[in-house]
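What follows is the residue order along each chain.
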Amino acid sequence: MREKILAIIEKNSRIDLKDLAVLLGENETAIANEIAEMEKEHIICGYHTLINWDNTSDEKVVALIEVKVTPQRGMGFDKIAERIYQYNEVNAVYLMSGSFDFTVFIEGKTMRQVAQFVSEKLSPMESVLSTATHFVLKKYKDHGTVLAEETPDERMLITP
Amino acid sequence: MRNPLSDRIVEIPSSGIRKFFDIVSEMKDAISLGVGEPDFDTPWHIREEGIYSLEKGRTFYTSNAGLKELKVEISSYLSRRFEVTYDPEHEVIVTVGGSEAIDIALRAMLNPGDEVLIPQPSYVSYVPCTILANGVPVTIDLDEKDQFKLTKQKLLEKITPKTKILILPFPNNPTGAVMTAEELKDIVEVVIEKDLFVISDEIYAELTYGGDHTTIASFPGMRDRTVLINGFSKSYAMTGWRLGYATAPRVILEQMLKIHQFAIMCAPTASQYAAVAALRDGDKDVQVMRESYDQRRRYLVHAFKEMGLECFEPHGAFYLFPSIKRFGMTSDEFATRLLREEKVAVVPGTAFGDCGEGFLRISYAYSLKNLKEALSRMDRFVKNLDRKA
Chain P
481 MREKILAIIE
491 KNSRIDLKDL
501 AVLLGENETA
511 IANEIAEMEK
521 EHIICGYHTL
531 INWDNTSDEK
541 VVALIEVKVT
551 PQRGMGFDKI
561 AERIYQYNEV
571 NAVYLMSGSF
581 DFTVFIEGKT
591 MRQVAQFVSE
601 KLSPMESVLS
611 TATHFVLKKY
621 KDHGTVLAEE
631 TPDERMLITP
Chain X
64 MRNPLSDRIV
74 EIPSSGIRKF
84 FDIVSEMKDA
94 ISLGVGEPDF
104 DTPWHIREEG
114 IYSLEKGRTF
124 YTSNAGLKEL
134 KVEISSYLSR
144 RFEVTYDPEH
154 EVIVTVGGSE
164 AIDIALRAML
174 NPGDEVLIPQ
184 PSYVSYVPCT
194 ILANGVPVTI
204 DLDEKDQFKL
214 TKQKLLEKIT
224 PKTKILILPF
234 PNNPTGAVMT
244 AEELKDIVEV
254 VIEKDLFVIS
264 DEIYAELTYG
274 GDHTTIASFP
284 GMRDRTVLIN
294 GFSKSYAMTG
304 WRLGYATAPR
314 VILEQMLKIH
324 QFAIMCAPTA
334 SQYAAVAALR
344 DGDKDVQVMR
354 ESYDQRRRYL
364 VHAFKEMGLE
374 CFEPHGAFYL
384 FPSIKRFGMT
394 SDEFATRLLR
404 EEKVAVVPGT
414 AFGDCGEGFL
424 RISYAYSLKN
434 LKEALSRMDR
444 FVKNLDRKA
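In order, the protein sequences belong to chains P and X.
When we follow my numbering, the leftmost residue of the first sequence carries the number 481, and every step to the right adds one.
When we follow my numbering, the leftmost residue of the second sequence carries the number 64, and every step to the right adds one.
Keep in mind the hints are simulated off the structure, nothing from the lab.
Keep in mind it's a predicted model, so treat the numbers as computed, not measured.
Hints are supplied without guarantee of correctness; some may be wrong.
Said to hold, decoys possible - Below, in silico cross-link-like pairs of lysine-lysine (PhoX-like), each with a Cα-Cα straight-line distance of 20 Å or less:
#: 1; chain 1: X; residue 1: Lys217; chain 2: X; residue 2: Lys257
#: 2; chain 1: P; residue 1: Lys484; chain 2: X; residue 2: Lys347
#: 3; chain 1: X; residue 1: Lys368; chain 2: X; residue 2: Lys208
#: 4; chain 1: X; residue 1: Lys432; chain 2: P; residue 2: Lys491
#: 5; chain 1: P; residue 1: Lys491; chain 2: X; residue 2: Lys435
#: 6; chain 1: P; residue 1: Lys621; chain 2: P; residue 2: Lys491
#: 7; chain 1: X; residue 1: Lys347; chain 2: P; residue 2: Lys491
#: 8; chain 1: X; residue 1: Lys368; chain 2: P; residue 2: Lys498
#: 9; chain 1: P; residue 1: Lys619; chain 2: P; residue 2: Lys491
#: 10; chain 1: X; residue 1: Lys406; chain 2: X; residue 2: Lys432
#: 11; chain 1: P; residue 1: Lys589; chain 2: P; residue 2: Lys619
#: 12; chain 1: P; residue 1: Lys484; chain 2: P; residue 2: Lys520
#: 13; chain 1: P; residue 1: Lys498; chain 2: X; residue 2: Lys432
#: 14; chain 1: X; residue 1: Lys435; chain 2: P; residue 2: Lys498
#: 15; chain 1: P; residue 1: Lys540; chain 2: P; residue 2: Lys589
#: 16; chain 1: X; residue 1: Lys131; chain 2: X; residue 2: Lys321
#: 17; chain 1: X; residue 1: Lys406; chain 2: X; residue 2: Lys82
#: 18; chain 1: P; residue 1: Lys540; chain 2: P; residue 2: Lys619
#: 19; chain 1: X; residue 1: Lys368; chain 2: X; residue 2: Lys446
Isolated chain X (complex conformation) (with noise of 0.2 Å):
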């Protein structure tokens, strides 16, 4: 028999994540710090729509780009809340999560050849799914002494002609970062002078603490070079509904759409009615939502002072990204160690890069009750081993 499989796919290595999922999964009892998905339940209003919405009947397909209603409620909520204008007709699309927007936009937009660069660490799919559409990933390895921000003098460096799209993932998962809209203006002129693309993954736009999220397309020049990202399942604890969407220019949406047709037909119809009242109604909740994260993000980070874990202060997302260089071991064994020892899963760092070596990706997004157990239980294991240090 020949062989049945595409040689790229193949290799592609599979998310690091998975591996360590494997590892977890064997360990009954364990207690986790390691999902990137809200611990809310998504607000009953919302769900009420969705079974609504079925007990109605609506159980067709909708048109291929979404819920006219839909888009009309995303375009607004964008202008309301970061000050770009999208027109729901042609410039909105709603995908099956933020996941399928940057698969099909990545899709509409590579040649052969085009290198697309990825601040790392960063989420897993940017890598293969850049790979896929005939792409040629370029990391750019993040400095914890930038608190993981992407700067001009680290863009610049890996820039070469055949760059064509920046993938901007801020706030970020893993770590947390955020950048300010001070820090994108230095991007902001890199990207309009080199000629260059943006897709930017704002999916925890509405998780930053201490100063609202700006987004790239809001600045003068960069809305027609902007693939902007988001969706419902961090902001509106919605993860299991894949709801997602993107916003572009014209020119760049019509050709994801065509994709997207082909692919996906629509996403899925309840959802996107449940996703109509998270948008009419939904800002009360965010808003508790936000606070509670907050709140346990402040916990964490004074718990990883006393324990002797060095850890820059995140200001979004809901994760930790505390350093356990001075260990000596590496994240994978630190991870594993942890685990086997006191039955704690966390993510290793190198699950989002191999400049993750080094570091944990911490969840809070666990009641106040699991983390003190988590916290006591990783306290224990540091203690352990600086007394046999």
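Next up, chain P with everything else stripped away, as it sits in the complex (with noise of 0.2 Å):
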């Protein structure tokens, strides 16, 4: 049941739980009650909107940085990634395989903030080797939902 809860709310979190009990064929407490178990754990972290600021007037800047860093005696990259997560500005932080070690979702009102943050937090941080700043220029998709508008349906309104 968990799974299938979890596959409705992660593209819906609003449904109504009267709604969502009837579409898994669940009754209403025992759905609540393992929404409730899954908050609880952890497993279910925070209810968030899928907001496409492009159709607001917010300015918004967003950059992806690449991050190298060395893990220190008694200090492993968790560590690191604290000291990075703990910033207002960070969204996201992943510890990633390959050529460099965290990406960092960075969110900032201009260019110029998020420069400064990059030059004047993340980069003289003790274990921060190297990083790379790319700006977001255009977001299609995100969270599994593309942001364009959504087509109409097109279907014939009766067909055999």
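Could you fit the two chains together into a complex? Lean on the hints.
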């Protein structure tokens, strides 16, 4: 049941509990309990809204930064990651396989703000060897959702 | 000038769906629960294969029976999913949708006066195709109390010395009924005893809920008596690609191929390449779509129950077939008024045979949002009728 609940609310976290229960053919209380349990177990870590900021008047800059680090004695990747993700500007941090170690997503109001963060906060960290900053120009698809407007249903109204 | 027309075709009424479609088309902002096709786009990896085949310039005919690699995939799919074996070389034909397969199967097997048993409610083409193939359609009215399944009793009642073919349309459009292996066993006994052939239209085989589909061809003694029809339209959301197939013993298939060869030549080449990708890597897509239909099926069954519209629980395809008998209206009246008063388009049950009177076909191949809006309008409509009654 968990997998099925997650598959639905991953795409639509605002769905009514009642609808969810009907869709899955379970009772409402059982579903509510399962969700509460998954929140407790930190399987469900939050409920967010997917926003296409390009359609608002808000200016926002998102950058993806490749970070190389040297893990130091008594301080593995996790500790370094923690030092990075504590910053409010940082949206996401992933440990990567391949030629660099972390991918860091930064959000700022302007490019300058992001640049400042990289040069003043991120790069000077003791463990950080190098960074490469890539600015996001346009988001096409995020969290499995295409951000362009929905295409209308073009099927004929009645077919056999 | 002489009458340019064939009497036989003129006498066949056009599809009841067509008539209703014309009424619906006038309503610009109607919302519909009337389609008989998936709401998904064809999965991208399948579409891409079709595009790629065009880019590579594969714009030629294929051999009449279809691409060899597609026939091989069809044969291995049928054995993997339904435990029936067909020789891809001589027992598989790729057709322009399941519809063509129905037509050429009937034409290959019927002699003038042969009777074809057609359980109804069912898809609109069996009766006219039988007539066009010189056969005599004999309908079997299925009952809601049997959950619209074909029973041994009902079958026996309509068999005469002239009966040659039984059409087996399960999982069923429009009722959503399925036949389990246990229930098919009864039918098999009769078919073998009475020396009949079966055209089994299994286009919805992948869309069953709560139990896998069983094909009648998998029963001992049935393979040689069955033309199995399936296709890509429903399971892979590929209606517009126009691609289906039939498998049958060589002696029947050879004659079907002859008709196909002269009338059609071959199924669209790009569609055939796309279909190869569907069968090779499409299992996961089917599974995701099936789960989604199943959820919406539960949603609709629940909603109709709350609305007070009696409806048996369907276990296949993507339709509900609720009864509207308690309103004392014909299906046609109900559907027409629902359209005019609430702008919701559904198909009257009578489009699928006279015994569909008193029922509606509701399709749930729509987004939840669309279903909710349509259901709330139907709810209002039903409440109004109840208040006046």
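Which hint numbers does the structure go against, in order from smallest to largest? none
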